[in-house]
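Trainee: Sequence order for the protein chains is A and B.
Be aware that the first sequence starts at 3, since it is given in this note's numbering, and climbs by one per residue.
Be aware that the second sequence starts at 39, since it is given in this note's numbering, and climbs by one per residue.
Be aware that one or more of the hints could be misleading.
[To be verified] Just the calculated beta-carbon pair ranges, DEER-fashion: (1) A:Asn831 x B:Arg205: 23 to 33 angstroms; (2) A:Met61 x B:Arg82: 52 to 62 angstroms; (3) A:Met61 x B:Arg205: 43 to 53 angstroms; (4) B:Leu370 x A:Phe888: 25 to 35 angstroms; (5) A:Asn831 x B:Leu151: 53 to 63 angstroms.
To be clear, the hints were calculated from the coordinates, so they are not data collected in a lab.
Glycine included, every Cβ here is placed at the ideal spot set by N, Cα and C.
One-letter residues, chain by chain:
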Amino acid sequence: MPVDSEATPQPLVEQTGRRYWRSLEEFLDTPEYQEMMDREFPEQASEWTDPVTRRRFLMLMGASLALAGLNGCSTQPAPREKIMPYVRQPEPMVPGKPLYFATAMPLAGLATGVLVESHDGRPTKIEGNPSHPASLGATDLLIQASILGLYDPDRSQALTYRGRPRAWDEAMSAFRSALDKLKTRQGAGLCILTENVTSPTLDAQMTELLDKDHFPKAKWYQYEPAGRSTVLEGAKLAFDEYVNTHYNFRKADVVLALDADFLLAGPGTLRYTHDYSERRRVRTKDTTPDNFKMNRLYAVECSLNNTGGVADHRLALRPSQIEVFAQALGHKLMVREAPDAAGKLPEEARRWLEPLAKDLSEHSGKGIVLTGDGQPASVHALAHAINRTLRNVGETVLYTAPIEVRPVDHGEQIAALVEEMAGRRVEMLVILGGNPVYTAPTDLKFAEHLAKVPLRIHLGLYQDETGALCDWHIPEVHYLESWGDARAYDGTASVIQPLIAPLFGGRSAHELLAAFGESPERGGLEVVREYWRGWWLQQKEKESGDFEMFWQRSLQEGAITDPKFAHYTPKLEGWAERVAKAHRGEQGASAPRAGKFEIVFRLDPTLFDGRFANNGWLQELPKPVTKLTWDNAALMSPKTAEELGISYVHGSSSRFSSTGGEHGHALVDVVELTYLGRRVKAPVWIQPGHADGAITLYLGHGRQHVGRVAEGVGFNAYALRTRDALWFDSGLEARKLPGEEHALACTQMHHNMEERRPIRTASLEHFKSNPRFAHDLTAAETQQAEVLEQVPEPEPRGHAEKEQKKEEPDRRLVPLTLYSEGDNEFPYNGYKWAMAIDLTTCTGCSACVVACQSENNIPIVGKEEVTRGREMHWLRIDRYFEGDPFDASHVSAHFQPVPCMHCEKAPCELVCPVAATVHSHDGLNDMIYNRCVGTRYCSNNCPYKVRRFNFLQFADYATGSLKLMRNPDVTVRSRGVMEKCTYCVQRIRTAEIEAEKDERRITDRDLMTACQAVCPARAIRFGDLNQDSGVKQWKDEPLNYALLAELNTQPRTTYLAALRNPNPELETK
Amino acid sequence: MEQETAGPEARPGATGDGAPPVIGPGYTFRSVEEKISSITLARRTPRGWWIGFAISFTLAMVMLYTICYLLLKGVGIWGINIPVAWGFAIVNFVWWIGIGHAGTLISAILLLLHQKWRTSINRFAEAMTLFAVACAGLFPLLHMGRPWFFYWLFPYPNTMEIWPQFRSPLIWDVFAVSTYGTVSLLFWYVGLIPDLATIRDHTKSRFGQIGYGILAMGWRGSAYHWKRYEVTYLILAGLATPLVVSVHTVVSFDFAVAILPGWHSTIFPPYFVAGAIYSGFAMVLVLAIPLRAFYGLEDFITQVHLQNMAKIMLATGLVVGYGYGIEAFMGLYSGNIYEKYSQINRMFGPYGVYYWALITVNVAIPQVLWLKRVRSNPPFLFVVALVVLSGMWLERYVIVITSLHRDYLPSSWGMYSPTVWDWSMFLGTIGFFFALMFLFIRFLPMISIAEMQTLLPESRVQHDDHAGAAQEAH
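Same shape as in the complex, but just chain A (with noise of 0.2 angstroms):
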């Protein structure tokens, strides 16, 4: 951490009772908690935590009650909101039983409503709110991951003027001075920026502060690094006003994304996932094989992206060509004003607009065409064009009023916020949330005009860049710590509402904003309160009851509906004139640009903007294509590489290093990226599927200010981009840098299967044809034609054996099993726990990945255990590449989760010497740490390969906020023991004990894995097998397989095969 150790409070947070035992981390042993502070994190078991001793215990326990004494002299302020000992147990409340709590996380302005588990007023586990719209129960990877944003220890824990600490009331008075001076000035010189924003809340209180009474002539600015102008402005473009659009993909049989990794990240991704994968399940049992219906989707993208991965038809073309496409498409599909500009198309791309078209139309009013955000405005406006020419406008495209409170050009926006600086207008910059300094486009010198403001201050969860550079940094309390509110995709509102006092302390920016104004004691649950007071006595037609019915409910609820946001038809008019006039503009501005590739910037898959890049889970999530952690790197396709001189061997796209590889550790050669002057050295990181001459880097790395996690991890692409080409751009120079090489961690570098079909897919016509092509139990196919050819057919005895030949697979391919059938066979007759997984819906999303380290208490390792092969992710997604490399346009990526496949004939529990993994009464093959010596025999009988081991100490004994984050459901592994996935057994159990008291059987209702609660798009299903279960639905269809079934071990999870829906017309030659 940068700051430097005199101005680290000593005592870091205002005390409170309730908090005491906190104390007893950071008072007590502080010069040890300052060196644990100090250590790279994790702390990779630097040593044997050795246990306390009793003297030493008996000097703590007297220490802290003194402490805790001590609270009542503290000189922080008290606490706003009245807390109290429970002197009766409140009635929901029973110890040791979670309850959960509707709010809502904000991501860039935009809201999705979560119910959060809280043990004992420690909130441990994020799931998604089924009555939200943008959630349905499901959750992305980066919710997930926010609780422990949450317990960060590294977030900002004092309140500092030039890196000392300082008072709440000192910072107050020193704001009031400088705003009663600019007061006489109506505001002249009084700068806010903030990002988006879509809080109304937040809103008002902007709107009362700008008002003639105040400070009329301050200004607010937002900027949004990862903001959505391209489609706002497209709507403008199109529309001529701003508008919010969504779409329905339930009502879709065609989609077309034009680099619209939909699936995966943006506003409404987990809606758009559900609704999209319910359009996409084959199952015989609900409809007549005859009538097997899929969507379609067609992706256009430049890298390859999960959407583009699992999508029917994938077109990879460079960003810049996209607009082209969108044009030829717009002008086969008859939109008057697209021009035709098939001819400057690459001949695959040529190739796909007939039946791309034709398609498009035959569905007219059931498809969709969607943009993503990094697409220039005017291909959103040709996207609305063709729309509501292909009728698809109010049935499975919708328009909304605009979610942003104020909807603006961010890029413009932080323009102008750079001019008024660089001209030494601004005398007081407040910056709420946010981190422009590193986000900032890098040539308005955001940093260097910043030092021009006389006063600068920061509201933010870290003491990050701009942190660094502003006078006074107030910390931010996290989402899960205050009050407030937020727009979901479509409109509907949620209140945030806090689970925790505040850890570290901290304001939000509506109780800074409050003290700026009239009311300066004002908590941030009586802002938004009095908001949604006002709007409530607004609303015409009011419910019964009272607002505090309404209150409660909407509390409870997570969502409220608001009538603003009905759906509406915008007129589209002259649309064409004003796309032709910014292209008029633009061209002026932009002369073609020497340099050979074209920069691709994308907003990393898992630290978002770079925000979240102090987030070990997230950091060591692997990335859901590359599967690289813990680094970015300039994503470029095998012949861009080769072009550059880098090497690619088929298979493995990186040579293996002398210490790991393969799975792990990835030696690549570095480029030296040169674009309009500025230079970056970055890692390649071949990428099949990457569109030829582009290079695309993630943002979010390389972070200078922000804590232990991130420190020193990745390049910053920041560093080359500018204001006119936020998202890509031509004139990219790229050089290799020889003899230097980077070391990334990559968790699974063999691309393909190798005949094994770890993962069968096949088109849906094939599957009509050979509904049961997945079911045959030999894992290769050439193994298959191998047998059938040795192996003389054996004749059918009688009619009735001829009927049965008819439905099961060939004899021949079963495997020859030791057991006959039913013979010595444990009989589970009671619960028979199964999971299936759902290969045609899995988008490789990866929030399993983090629900399940989340649920499981799951450590991280860091990058150079990553690189060994040790990573402890319990379930992970493996990810296999199809298609020849050199031809971008035909790789499509497939998706396969691997939890614990828990065989009934487990090779694990026959090789452990001390019976460490034994099978349970339910089918459950468990593992139980306290008995295992760690011999790892398990591990390598395991022919999955799902087992994890604690090589050294990884969990994190010593950091007291992530104890508070933990599950206290899951033992916390030590050293030197095995762990895997149990199924999540704590809820089975938890399940169990409330069945019993009601003595019933437990129901799918009762009981979701973690990973299957946090799936968008229902890909897993998880239950008992003895029932008419919905797991047992799944296994009973012919696309159900099992994973090495050949090997006997009868894994009691299985797969769904992957079906694809590929247009005949469109097939390869």
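Please build the complex by placing chain B on the supplied structure of chain A, with the hints as guidance.
Mentor: Structure of chain B alone, referenced to chain A:
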């Protein structure tokens, strides 16, 4: 060296039954006794001994340091990972256990087969076995994630009311190795008793008199003593004989029982046993050739011994080579894609160079032993034995690592490479082994005096009555 000028057949002092001589000419009971015990009884320790001991003791300290660090940090200091969860520790374990085979084989099986030439090498071969087993025993213990719970692998009554899991080959290992260690120790010690008494009687130092006196357990060389000694020795030989076969068979089960392609194979037990004898004899040669030169024991450890051991190496080496061949054939012929891939990957995958190195040093190079010229050239034989030792180590490395690193699902394939701690542990045990050997050479008679005396023509007077002959020696 005189053996180069005169063939062993021409030597006087042959045992008289037509077999080549296994002891030099002109020895009497007394001179044999003096020659061997003088090494132990000498006041001054030779400088060469000190240098050798210092080097190996330093390495043993490196091992101790590694063990301390390992216990402090965890097995993560080694290069192991998922999927390659077993690395150097298991490779070294199997290697050392294999080396430990020759001693008991020489002592027990050759005793039962009346191979007289065994007498001059059995003592230090047995010591070698013990020390190798000690080195081997360290590894399974330390490779555990939580070694302090090692005793959970023993079936002892406990409050948890839980037995070990008897289906696991690791449990069989525990029994096999501990039984083998115990029997080897007893066998070696029983054989030592008459000689310990000899040293006790000759030593001038008080310390030695007491020390050797205690160890000799009151041996007076009476006919009763000799009778009981002979019976005990034979019983122990009988007990040890099946163990020679069983230990490495059980060790091979660690692999053969697993379902991993490349491990799951029925050829493993015989081929492991052959490999063990192969490396064991190589180690005996590596020890014997310098020893006889340094201490001038060419008359006791003669050409016959070296040649016989070379022949055994050649034979077991051929069995091992056959094992490789069958493994490859089965892998490729099985029609099982995993076996097939595993075999091809072993040969041509990222570890292919190790495989071909293994074939070269373990199969190709030892073929020079067909040539008598090579067999009768101790320095050359020494080099071949070293090559075989490294070859057998490579074999275990290839089996353990290449099978694990690419098994069933390509997604979890990974690479393994040892860290500095893997090496320090391995080299440390080599140091530990040699340090123990040096101490043994210095403080105990490295050749069985009593048994050597039975080879002398004088002992024939008693019509091969060992007891009588030895008694006379006193």
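Trainee: Next step is simple, just say for each hint if it's right about the structure.
Mentor: Going through the hints against the structure:
no. : hint                                    : verdict
1   : A:Asn831 x B:Arg205: 23 to 33 angstroms : holds, 25 angstroms
2   : A:Met61 x B:Arg82: 52 to 62 angstroms   : holds, 59 angstroms
3   : A:Met61 x B:Arg205: 43 to 53 angstroms  : holds, 49 angstroms
4   : B:Leu370 x A:Phe888: 25 to 35 angstroms : holds, 31 angstroms
5   : A:Asn831 x B:Leu151: 53 to 63 angstroms : holds, 59 angstroms
Violated hints: none; the structure is consistent with every hint.
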